[in-house]
Every structure is written in structure tokens, then in C-alpha cells.
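Got two chains here, separate frames each, mind docking them using the hints?
Residue numbers (full-length UniProt numbering), protein chains in the order written: chain D, 1 to 375; chain A, 1 to 378.
Be careful, since some hints might not be right.
What the hints assert, rightly or not - Each pair of labels, with its calculated beta carbon distance range:
1) Y179(D) with E56(A): 50 to 58 Å
2) S371(D) with L150(A): 29 to 37 Å
3) R89(D) with S230(A): 24 to 32 Å
4) N223(D) with R313(A): 25 to 33 Å
Said to hold, decoys possible - Far from chain D, by Cβ distances over 10 Å, these chain A residues were calculated:
5) E65
6) V103
7) D245
8) G293
9) R299
10) T334
Read the hints as simulated data drawn from the structure, not as lab findings.
A virtual CB, placed ideally from N, CA and C, is assigned to each residue, including glycine.
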Amino acid sequence: MADPTAPTAPTAPTAPAGSGGDAETPLLEIRGLRMDYPIRHGMFGRHIGTVRAVTGVDLTIRPGETLGLVGESGCGKTTLGRCIVRTLRPTAGTIRYHARDGRVVDLAALGQRELRRYQREVRLVFQDPFSSLNPRMTLLEIIGDPLRNNGLAQGKELERRVGEMLELVGLPPGYMRRYPHAFSGGERQRVNIARALIMRPRLVVADEPVSALDVSVRASILNLLRDLQEELDLTYLFISHDLSVVENICDRVAVMYLGNIVELAGTDALYRGPRHPYTEALLSAVPRADPRLRGSGRRIRLSDDLPDPAAPPPGCAFHTRCHYAKAETCAAPGAGPVLLPPPDPSGRGGTAAGPAATPHLAACHFAGDLSLTGV
Amino acid sequence: MPEMSKNPTGVAAAEAAGDGSAAPPPLLEISGLRTHFTTREGVVKAVDGVDLAVGERRTVCVVGESGCGKSVTARSILGLVDRPGEITGGSILWRGGDRTSPVDLAKLDPHGEELRRIRGGEISMVFQEPMASLSPMYTIGDQLTETIRLHLPMTKAEAKDHAIAMLRKVGIPKPEQRFNAYSFQLSGGMCQRAMIAIALACGPGLLIADEPTTALDVTIQARILDLIASLQESSGMSVMFITHDLGVVAEIADEVVVMYLGTVVERGPVDEIFHDPKHPYTQALLDSVPAMGQGRGQRLRQIRGRVPHPSERAEGCPFHPRCDSAIAGVCDTTEPPETVFGPDRTARCVLYTPGLGTPGNVPGDTDPAEEREVPANG
Ligand SMILES: Nc1ncnc2c1ncn2[C@@H]1O[C@H](COP(=O)(O)OP(=O)(O)OP(=O)(O)O)[C@@H](O)[C@H]1O
Ligand SMILES: Nc1ncnc2c1ncn2[C@@H]1O[C@H](COP(=O)(O)OP(=O)(O)O)[C@@H](O)[C@H]1O
Ligand code: SF4
Ligand code: SF4
Ligand SMILES: [Mg+2]
Ligand SMILES: [Mg+2]
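In isolation and in its complexed conformation, chain A is listed as follows (with noise of 0.2 Å):
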């Protein structure tokens, strides 16, 4: 695929690839999102400026260590932001239901009726302890039926016959019996069956899972992930997984989100990311993970230093303190722009920036025909 060094949106980008023809524009659309919270300390900027996009039918995995501000963007779309944060900026563009035009969700009143409509009807969220997210208070059978009955017209004994339904097709044994049961009667795996059915009861357009596999045992991971790609096949909703583990990026991801100090470093598909990432970061993440089947010994590459709070964000490129492939005067000084290298292909970094950048730095296996092009574009 050529690189562009222009740099303007990902629409203009896929124009300029000349595939832009007919693509449809995506079912949700973030664009320069920022959740601030105000604080006694002053203004953690925990999301500044995301811009991402889930297309129909895909599956966008979100990435990053932990405190990049995955959660509080996925909580940003559906209104869950915990208090004090508030979104101070961009939109939030959802385009499922059967809107002829779309909606900005994050000019919504949080607590108001349309997005408590959408929330669990068009859009629905899995959180990371199923535990925690279930009620010990009601059965699992009252918690799927109040929400069934919250978004779609039913009796009580339609949504109970749906319920079970749910239950059973999310692959719990015996779903009769365990309508009745509690949160704490059931294991991790079961509990987080049980908050899948809950999520896709009123057939949602998009998932939301945050971690929704990091407390479980691989065994029950495998079966999880087969789960929502098996409903996703049979119903055709998007998926927005966020998870640190490259592993079950690899393993379901269409396109992959790398996020860095509550900024968007690099998209891209995923086997892009994976064998021809652009970014430092991205390439330091994958370096720091044991690849399965490479036999003992080999020593991990480690990233200097940790993420720092929101609060001591560096100038310049956020990454730059940690990054080994800093320009000093350049990353310390200059916030690099975002490079678009075709269709939702983009990059944070001076490296890709003419003029600013030295391609010798360029980290990876870059083909070398590659990297001509990058200062030859500007």
C-alpha cells in the first residue's frame, strides 16, 4: 500500500487511495473526543483527542497499558463516564437504529431518555468483573428480563421465554434452572455468559466489551471469544473489544487501535499493526510480549519508564520520555501530527513527518522502498 504523508482525515485518505468509492460511512464515528475530570488536584485529561471508527460487522480492538483511557472512552459513547468527568469535546457519531441521520451521543444529556434507550438497546457494554456488574440482589432471570423489557415491547412471559433463550444460546447449561440463580452461585465464566445475555438480549448494533476476558482462566477465554465471534457472525453487530492482551487482538481484531496517554497513536488493520507497525509504541508493545512457540530464554524488551498520570503528561510527543527513538528538540517540543498512510491507516509520529523526522530511525523491518517515500513526500 503507498504511503501518503498528507495529512488530512481518513476520508479524504481513502479518496486519495482511490477505494474511497462506495464504503459506507462507519456505524460510530469519534472524532476529537475529550473526557476531562476536574479534580481538586486540577484537570486529568484522561481522553484528549481520540479519534476512532467502528464500520458494520467489525470488530475494533483497542489497545494500550493500563490508564491510556480505553475505559473512559468506551464509557464516554454510552454516557458512564463516573464523576467528575464530564466529554469537553468532539463527537461521538452513532448512525445504528434506523436513524436516516446520525446522532451525536455526546451532546446527549447523560441521564437522559435517548441515551438510556440506546444504552442496552442499540449499544450495549460488558464490563470487566462480571461479578461486580451483576446485582447479588435480583437473579440473573430478573436482570435479563428488566432489561428486555426496558427496550422491546414483551410481556413478562415473552421475556422470560426470551430470556431463557438468551441464556441457552450464550451456552449455559441447564438455562431454565439458572434463570433463578444469583451472581455468587455462578463461576467467572458462567457470570460473564450471564452479562453477555444481558448485552445482546435486545440485539444491539454494536458490543462494548472492556477487558471482558482479563479475569479468566485461557480456558474460559477461548470460549468467550468464540461466543461473541459466533453471535457476531449470526447477527451482524459490531464489536469494540478493549483489551491489553495482543494475544485476543491477534486472535479477533479487524483493525486495532493503539492508544498512549489518552491520545490515538496508530490504527490500522490488523495484520498491519502486527508485522508492519509504524508507531514506537506499538512496536515496543509487541517486542515486550513472550511470542508462544519461540522455546525458551529469549530475554523480553522492556519500555523504559511507566505511562505517566494524565496530569504529567509530557510536552511535545506524550511518548517521547520513553521512546528510543526520540528526536531531541523535535519529540520534546513539537506534538506530532497524524500521518494517514491510506484508508484507516494512521500514525502519530514525527518519524512519518517530513521534515521533521529521520527515516534511519524508523522502527521495524520497513521496506526500504518504504522509506524513501516518506521524506520524498515532502
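Isolated chain D, as found in the complex (with noise of 0.2 Å):
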């Protein structure tokens, strides 16, 4: 399969570590990546189909890098975090992953064991600063879990680093033989990213860290993302359904639909120029902050109606809420359209220099003819 998120240059993209420039050495290749659920009759009942929630992503992650991954409840993006930190097995695809080591691995074919070195270096927070922390273990039990179970630390120097690593994260070190139900949200999350890098993890999959909390406190949680990627070299996934704190936290965006990325750009590229009629839609549903702008823009509104991913529509998913569908074309059976950079090689999005650039990528039919709107 032809690699649709490395440039469009014919060179071969993806050689192995060392053999290339730094820079343009990813740190995870996804290809072919799928992930499908079955779906029972009652609890232990027979298989009576499949969820398709992940159904054949090519994503590449750039080390140090912020990639915001967004799209509506259900399309698949808390399915492919959970793929990539392996609390899942996918069902067809791989995870090419470049160890701190040098060893590029396929995360998506390892078994547990050979897999657990590897989880160290690829970390997820969840989303949930409420559910997700058990309300038995201290803080120093919790965030120390993952050193003590590999055998890494105990006693005194495991204290040390999960009191270092408090600190990390703003909160007094002397709050570690303290329970979870004593914080707040904010100071929760804190707990959570705190556990996610005792690891000392190289990536992070963070679904949806900001969504439960309040506005002031989500401004403090975004600013201490970004300053622990400074300070330890992280690289992020992150999950959102937020678009404006995506803009504002994210070197590049994937737009995700029925299990399927549509959309792939440089933040400001996608947020000026989408090229893909969902994203543009997305955008233009977003409140913005000043009712000065009210009534200004373009309004797109999507019906409720989200397809089964059981049962997804023919040709491409997103034709049964397009508002540019030609139906000869759209839905016509068989493959949907594939991500695939502005036709004109100087052409909107194309436009970022250096050995980076990052090419608009985009799958509709129709993305060299329509002129969207962004923000």
C-alpha cells in the first residue's frame, strides 16, 4: 500500500532508523490499521456481527511532535489510542514503532512479553480524572505502580521519583500517602499524568486528558502538557472532540470519521483551508469566543444522524451527511475515497518549507474542486 502520509516525493520514506535524517525519522508508522469489536447476543451469546470502530488508518507520528486526533463521540479515536498502547489488540495492521533503543517493532504483532518493554515507552492518560484513579491506593501507590511492577524501584527510591515526579506535575511531594478523593479534578489529572510518566515514556496517548474539567482548570493542565513535552522530550497524541483546544495545543491534526482519518494537516492549514467537507463542518459548528462574530462565517449544520459503524454506509462513510454528495460518485459501492495531497504540488496547504512540510492530506472525492471554509 502506497504510504499517503509520507511526502509525495517517490524516495523511499519510511527506511530504517539511522539510515536517514533525524528529523525525518518517525517515531510510529500506522498502516492498514484495523480494529473491529463483535458484537454478541447477550453476554457469552453468539457472534451476530462487527463494529468496524478502526477500519484501515495510516497515520505517522513525527518525534516531539503534538498530533491532535478529532472527530465526533464513536468514530474510532479512544479504539486507535488504545491499539497503540496495546490495552487492544488490532485486528489487521502495524504499529511500526522506533525504540528508544534503535529496534524498529511491529507493537501491533508483539505478544505480552516482548511487548512490556516497549509499554514503558508508550504511555496512555485517560480521560476520566474521576473513574480512573482507584480510590484504595495512595498516590504513591498508584503513581508508583508501574516502576514497582517492572522491578524497577522500591522502598526509598521509589518515593524519591514519585515525590520528583509530584513536583513534575505541581503538587506538593508530600502529598503522596494521601487518597484520590481528596483532589480535585484538576489536581486528579495531575495524578494521572504523573503516573503516565514515571515510565519516563517517550509517547503519550492522551484521550481526551481536558474534556472533564473546568475551563480554568483545563487552561492550567494545557500549560503543564506543554511544558513537561518541553522538559522531557515527549511526543503527544492527543485525543480530542474540542477543536479549540486542539488549535491551540497541536503541531497537526488527523479528522477522523467512521473509523477512518479524512483529513490530515498542519494546524494552521486545516483550521484556514480545510479540504474535507466533515472537517469544515466541524469548525463551523464550534461557538466561538466573542459575540461579535456572531452570524459571521458559514454555517454548516450536519444532521444528528451518525451511521451504524456496524453498518457503514457504501462508498464513502461521510455521503449521507455531505452537503457536497453527488450520489453517482459518493456512494457509489465499493472503496471510499483515499487521503491524498492537493493535486498542484504549490497548492493550498502545500505551502510549508523545510524538510518537515507537511502535506494537506485529504479523502474526497471532490478536494481539488471545492472551496472550503475554514476559521
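As C-alpha cells, then:
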């Protein structure tokens, strides 16, 4: 399969680590990733269908970047994130990870034992700060758990490292003997982040890390994530459905619809000039925090009827809600449109210069003809 | 608009501003509302002196961080406060329906007949969790017709026709089929539409919506907001909309009420709240949201600390432990008085109180001419 997220130049972009310029070496390359959930009748009943939660995703994560993953509820964001941290085993596809030790491994294919050492390097921060912490464990136990489980530290050394981590996320180390119920949502999210970072990961998958928080607390967690990224050289996959937060923190953004990436571009290019009708609709739905902008811009409204991921529409999966759909082309049975850069290399989105220039990819038959509105 | 650091009520201010000529009294007028919860640990003053008004055909947004008392205020209006909560002071004047004189909802028995008739008939409410507020035991249609027959003199058949018409009006496709559906068979957006259909079935004068879109995707939120706006347009109802999303506020509000720890710290027309906020808390809230269209990278301003529990409310100005403009010796001792800047434009902060605040600390890009007026009035 062609590599649509690589530059269009024919030179092989997936050269093994060490053979190319370091800036070009990706951290993670996802190819053809699929995740099917079986639908069963009753708790142990027979298999009566399949939810195709992720349906062939290609995505490359570059070292040091924050890559945003956005889309409506149920489009497969969490599922994709969980495949990467391998709390789920993907149905098909590869996840090539360029590890700290220089090796390139396929996380999708590894068994539990070999996986362990790499799972230290790829960690998850959960969405819900309230239900994700065990109420019977102290912060020391919660944050130190991965270290102890892996036999990496215990006793005084464990305490020292947990204390250090608490400090790093802005909590007093003296809190380590307390239980999570005594903490607010923002503080619990700091604990969650500390737990993810104690293993000194390189890639952090943050699944809606600020969605459950108040605006002011959200600001402090976003600032913290930004500071930690700089301090610890982290790469983030930042999952969110809040497009204003994503614009604030992400370098690139991937837009997901019904299990697929439909648009991928640098943040500014995507927000200024979306190339996929779904992205345009998402952007136009975000309320702008300025009453003077009321009524300005385009209002595109999508129907509430999300297709059932167990029975996705044929052709372009978005055609049932797309305002630009042409029945003959878009609803035609068979595979839908694939992610492609603009036909004209000097066209929109292809303007960024430099070695890591980001092509502006969209999966729409008419991406080249439509003139869509951003923010 | 001239600033007046007098202090009296909104009515006096409106007269002073010279346009109080024939403005009708507001549909809903809350004054000095206190709703307290008496618990084993002590009295929780969830709402502690709230003043706000909703005029006819207006949309008033109530904002503030969670725990500031927004929901308790809304529930107080309809006598829906959970035990052991109780309205302990103030009044809630309601001028809707065919009344010639206002009724004080705060004085009505929460379980009594009069409030039951007003609830769902003249004033109705939509909650944050649509799934939780619809019963899974009855169909959408049953729940709609029950509300309709409680308030309107209709036969079963008439009520059913009306219910289906309402479902169609709120944009539910195939309403005849959905009439027989249960809430768990509908998506979050459809459930919220059904809730709105129930809330609007009896043509209320006021719709209270408590975070009705917080649990929904932006795409669905946009359509629900459009729906409320168009229903308001056609029926002329007023809306009190509770949210912590400042984007939503900017989109739909005529007026904004900012709450902090059970009190109203600032209120005013939406444009002034966003472009000339007076209260440091309002300013801080506005600075903490990323403005879309600004591009990547701006660090966000964060508010120090967090909203304390009402039982740990600080002396003086409740915001002072988190306020960057706080004046030692003043803000931690004096409860700031309300300063009236114009009709329906107030703030509670000593920076605007002659003799207490220093104009240099006034937040935002206040016009220097205005700044001079504050002390000039003292
Ligand atoms: N364990 C499971 N069994 C069956 N289906 C599942 C399971 N987990 C998720 N799904 C389905 O897979 C699809 C993708 O779910 P996923 O949780 O990845 O979405 P998401 O994009 O993270 O949504 P949200 O924004 O609501 O978190 C949905 O249709 C969901 O119902
Ligand atoms: N049933 C109750 N018993 C005791 N305290 C309550 C109860 N309901 C709400 N409160 C308190 O009242 C305060 C305001 O709550 P609420 O109105 O729900 O806030 P908001 O809607 O602004 O987030 C909170 O501190 C909350 O803990
Ligand atoms: S391919 Fe057709 S249906 Fe799909 S996004 Fe493009 S125009 Fe819309
Ligand atoms: S009264 Fe003082 S502490 Fe309160 S908001 Fe004004 S300046 Fe800040
Ligand atoms: Mg999710
Ligand atoms: Mg609330």
C-alpha cells in the first residue's frame, strides 16, 4: 500500500532508523490499522455482527510533535489510541515503533512478553480523572505502581521518584500518602499524568485529558502538558473533540470519521483552509467566544444521524451527511476516497517549507474542486 | 455608557441612566435568593444572595465554574432543590402566564399544586443528562402526552397529535415512529430533542436549560442551539441558559450573569461582558479559554487555586484568594458592594468602589477616560 502520509516524493520514506536524517525518522508508523469489535447476542451469546471501529488507518507520528486526533463521539479515537498503547490487540495492520534502543518493532504483532519493554515507552493518560484512579490506593501506590510492577524501584528509591514526579506535575510531594478522593478533578488529572510519566515514556497518548475539567483548570493542565513536553522531550497523540483546545496545543491534526482518517494537515493549514467537507462542518459548528463574530462565517449543520459503525454506508462513509455529495460518485459501492495531497504541489496546504513540510491530505473525491471555509 | 458608582437597585440605575421610561418589569426577577443545605457538617450556602432578571424574549446565560451554584439557582426557581436544600431567603417574582400581579415562587410550597402547574406549563426545564431525565420505563410519546394532559385540556387523541407535532418541530425524523420509542433507543442528540419537545409542549413563557448541550458533540450542539433560537423566535419565550462554555454564551446570550461561590459577581449585555469585563473573575475566565482562530501556541492564563467548597468561603470578597488584583487589607475583610454601571450592568468588586479600590488595578483595556470616572464619583 502506498504511504499517503509521507511526502509525495518517490524516495522511500520509511527507511529504517539511522539510515536517514534524524528529523525525518518517524516515531510511530501506523499502516492499515483495523480494529473490529464483535457484537454478541447476550453476554456469552453468539457472534451476530461486527463493529468496525477502526477501518484501515494510516498515520505517522513524528518525534517531538503533538498530533491531534479529532472527530465526533464513536468515530474510533479511543479505539485507535488503545491499539497504540496495546491495551487492545488490533484486528489487522502494523504499528512500527522506533524504540529508544534504535530497534524498529511492530507493536501490533508483539506478544504480551516482548511488548512490556516497549509499553514503558508508550503510555496512556485517561479521559476521566474521577473514575480512573483506584480509591483504595495512595498517590504513592498509584503513581509508583508501574515502577514496582516492572521491578524498577522500591522502598526509598520509589518514594524519591514518585516525589520527584509529583513535583514535576505541580503537586506537593508531601501528598503522596493521601488518597485520590481528597483531590479535585484538576489535581487528579495531574496524578494521572504523573502515573503516565513515571516510566519516562517517549510517546504519550492523551485521551481527552481535559474534557471533564472546568475552563480554568483545563488551562492549567494544557499549560502543564506543554511544559512537560519541552522538559521531557515528549511526543503526544492528543485525542479530543474540542477543536479550540486542539488548535491551541497541536502541531498537526488528524480528523477521523467512522473509523477512518479523512483529513490530515498542519494545524494552521487545516483550520484556515480545510479540504474535507466533514472538517469544514466540524469547524463551523464550534461556537466562537466572541459575540461580535455572531452570524459571521458559514453555518454548516450536519444531521444528528450518525451511521451505524456496524453497517457503514458504501462508498464515501460521509456521503449520508455531506452537503457536497454527488450520488453517482460518492455513494457508489466499493472503497471510498483515499487520503491524497492536493493535485497541484504548490496548491493550498503544500506551502510549508522545510524538511518536515506537511502535505495537506484529504479523503474526498472533490477535495481538489471544492472551496471550503475555515476559521 | 457613563459609569455610575452610586449603588442602588437596577431600577434606580435605569432611571438615572435616563432610559427607564417605559421598560416593562422583567418576566422573572430574582432578588437576594439564598438556598442553603443543612448537612451534618454544617450549613452549605450554595446560593447566597443572587440577584438576576430575565426579560421578555431575552436569553440570559448564567456562567461560572462548577460548584458556583448555577444549578441550585435554576432548581430553586421551580422548587426542585434536592433535600436537604431549602430556600432560606429572597424572592423569585414570576410575572408570566395571565397574571396581573407577580407571584413569588420562593414562597410557594415546592410540592404544592400551584408550583406544579407552573412547572412544565409556564416555566419548563431541560437538564444536562437527557438520558437520565427521560424515564427508560415509558415511551417518549407517553412522557410527552402525560406532560401535555397535565397542563392543557386535551383528549388523549388530541394530546397524541400535539405530541407528534412537537417531535416534528424539534427536528426528530419520522416522529410517528419515534413516538413509540424508548429513550435508550435514541442517540444523545435525539434524546435532548425529545426533552426539549417535552419542555416546550405546553408553550412555556420561560425555558430554563441547565447545560443542555455539555454532553453532546459540537455538531449536535450547534443544531440544538439553532433549534432553541428558532423556537424562541416563533414563540417569544424567554430562555435562561446555564453553561460553562463561553463560546456558547457568545453565540446565544443577550445578557450574561457571572456567578462565583453562590453570588452574582457581574452581569451585563453579552458584548460588554466579553469586551469590557469589569470583574477580575470574569476577566480571568475569558483569558483561560483558547480563542479559535488564533493559531497554535498561546499559553493560556490560568486562575490560581480552585473554587473552594461553599463551607470554606473566604472572608471579604469570596474571590480574593485567587484574585491577582486583590488589595490586602481591603478584599480580605470587606464584602464588596455592588456597583451599578448602567441598566442591568453591575459588578461586585472593590476596584469600582470609591475610596476602597485603586483604579490602577482595574482589569482589561478600560478606556482611561472611564477609569478616571471611578474615583471622580467618590
Ligand atoms: N468493547 C466494545 N465492544 C463493541 N463495540 C465497541 C467497544 N468499544 C467501542 N465500541 C464501538 O466502537 C466505536 C468506536 O468507539 P471509540 O470508543 O473508539 O470512539 P471515540 O471516538 O473514542 O468516541 P468518544 O468521543 O465518545 O470517546 C463505537 O461505535 C463504539 O460503540
Ligand atoms: N444535595 C446537596 N447537598 C449538599 N450540597 C449540595 C447539594 N447540591 C449541591 N450542593 C452544593 O451546592 C454548590 C453549588 O452546586 P451547583 O449549583 O450544582 O453548582 P454548579 O451548577 O454551578 O456547578 C456546590 O458546592 C455543591 O456541592
Ligand atoms: S467524497 Fe463525496 S460524500 Fe465524501 S466528503 Fe467528498 S463530496 Fe462528500
Ligand atoms: S474585590 Fe478584591 S479580591 Fe474581589 S475581585 Fe475585586 S479586587 Fe479581586
Ligand atoms: Mg473516546
Ligand atoms: Mg450544574
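We went through each hint and held it up to the structure:
1. For Y179(D) and E56(A), the Cβ-Cβ distance of about 51 Å falls inside the hinted range of 50 to 58 Å, so the restraint holds.
2. Restraint check, S371(D) to L150(A): a C-beta distance of roughly 52 Å breaks the suggested window 29 to 37 Å.
3. Between R89(D) and S230(A) the C-beta distance comes to about 48 Å, which lies outside the given range of 24 to 32 Å.
4. Separated by about 27 Å at the C-beta atoms, N223(D) and R313(A) satisfy the suggested range of 25 to 33 Å.
5. A beta-carbon of chain D comes within 10 Å of the beta-carbon of E65(A); the shortest separation is about 4 Å.
6. The Cβ of V103(A) sits about 33 Å from the closest Cβ of chain D, beyond the 10 Å cut-off, so the non-interface label holds.
7. Listed as a non-interface residue, D245(A) fails to keep its Cβ farther than 10 Å from every Cβ of chain D; the least gap is roughly 7 Å.
8. With a least beta-carbon separation of about 4 Å from chain D, G293(A) fails to lie farther than 10 Å from that chain, contradicting its non-interface assignment.
9. Residue placement check: R299(A) does not keep its beta carbon more than 10 Å from all beta carbons of chain D (closest about 6 Å).
10. With 10 Å as the threshold on Cβ separation, the claim that T334(A) sits away from chain D holds: the shortest Cβ distance comes to roughly 25 Å.
Hints 2, 3, 5, 7, 8 and 9 from the earlier list are contradicted by this structure; the remaining hints agree with it.
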